[in-house]
Amino acid sequence: MIVSERKSWEEILSFLEEEKNVFLIACGGCSDACKTGGTEGLREVKDKLREAGKEITAALLIDFVCNKVLIGMRLNRYIEELKSSDSVLVLSCGIGVQAVANMLDIPVRPGDNTIYMGGFPGVWPGEERCLQCGDCRLADTGGICPYANCPKLLVNGACGGSDKGKCETDPEKDCVWALIYERLKNIGKLENLRKIYSPRDYNLILAPSERKKSIFWALETVEEEPKEEASEERRLSTL
Amino acid sequence: MKLKDLFKKGKFVITSEIGPPKGTNIEPMLEEVDLLKNKVDAINVTENQSSVMRLGSMAVCRLLKERGLEPVFQITCRDRNRLALQSDLISASVLGIENVLCLTGDHVVLGDHPQTKPVFDLDSIHLLKAARNLVNGYDMVENKLDGSPDFCLGAVVNPGADPLEPQIIKMEAKVEAGAEFFQTQAVYEVKKFEDLMKAAEHIKVPIMVGIVLLKSAGMARFMNANVAGVFVPDKLIKIMADASKEDRPRKSIEIAASLIKEMKGMCQGVHIMSLGWDKYVPSVLKAAKLI
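These protein sequence lines map, in sequence, to chains A and B.
Heads up: the first sequence is residues 0 to 238, going by numbering that gives the first Met the number 0.
Heads up: the second sequence is residues 0 to 290, going by numbering that gives the first Met the number 0.
What the hints contain is simulated information worked out from the structure, not anything from laboratory work.
Just to be clear, a hint being listed does not mean it is correct.
[Unchecked claim] In silico DSS-like links for lysine-lysine, alpha-carbon gap of 27 Å or less:
no., chain 1, residue 1, chain 2, residue 2
1, B, K250, A, K163
2, B, K1, B, K36
3, B, K190, B, K288
4, B, K288, B, K197
5, B, K234, A, K163
6, B, K190, B, K143
7, B, K116, A, K165
8, B, K288, A, K184
9, B, K116, A, K184
10, B, K36, A, K163
11, B, K250, B, K38
12, A, K172, A, K184
13, B, K237, A, K163
14, A, K194, A, K184
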């Protein structure tokens, strides 16, 4: 189970500030269970975006947004809608957002933060990776995660060790910031590189304690708790 | 003395660089730096350069200060988190250090402790911002300081980077974050430096061209294969390859001096990285007619 939670509306709307037509994709896998995606999540976001004056060109539920073959098959039928969209908003984990971004040449933004992989990392057939940092910045990086791919975890562009698109740690390894530069150039968003991003908040990486009380953390926790409470009540009522 | 005051006066600023030893034997290093006294404006002190563990930069900066030399404290994000970086900046200040060069730092896999945990809690831009904040009297999270440091902050840029555009964008961000001067990676191709200066025309911060003394043809080939954005043209490699061992320093001085003469008019200073050949730096400066 990959656990995600919705980004704040302020943040989502800030991505779409200068845009009118939004193509929506929700994941029907893990995100369905988390209520961030699935039919419920899709409807919620669709309504809120309409309220905010946005035009929804399409709202698509895809079973597993980490599966690029599946995404390709579904999106093939929506070429016209995609052409008329300013950007795509994806309700899924960070892998799903990257998988979609990898297939399109318009901006692809995350609607959620990925916070935990719940003991079972799921299966993803692509090379996209997500570190569950809890502060998804794929909206500004062309849908490529610098955090999961830069050995220095840099958030403000390549270091001096980037050379002809390769990383200083391994001549075979692509410099992720070189990939981001190319992608941003392709989608006309090079100005994103001019923003200065603050250092990461490492507290977001650790699951908050209330999360540990939920089914997303461990099935056994949730199953045992009500039982104990019930028996406690029973014991008290017999006194 | 801060480098920015020299730039303000219109001086063509000259800096050199030393790498602290691996151990406590500081005498050879101090003898070498004494040769640079009154020849250069300041001396960069590298910090665990190439991720190889050595005597610390801050201690050596203080030693230079005591000998009447002006240090530039190089500080990287590789080995310390934001608490330690800010604390060390304050420590450097009370030890009299006034010039700081803020770097991201090489990755640990390039050094002699490749198993270590790389920190990189901040990057060079965050570090510049944090240092600027300290100068303004606050830490990174806006707590007020009881007495604040006063630094001239520097940053680096690589003219040989391919592509160059993201480097220029990052330069702009570094200036916004607080950089007051730039030192460049080693330049051997005048055209590349000219391209950088053209692309950075709108950046109103002094730029010092980086010069690395070529010690041999082997070293040149090594840099071409291993150092990002550094390219030594065949013509220069041939000069070094044809020179006898005794003649190499003379040739190296000639090459460096001619590069400086060609690029001097385009920029506001020169940063000479001698990689142990500190004793030849005065000859380079003389040959380049800078002293």
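Q) Which numbered hints are broken by the structure, listed smallest first? A) 1, 6, 8, 9, 10
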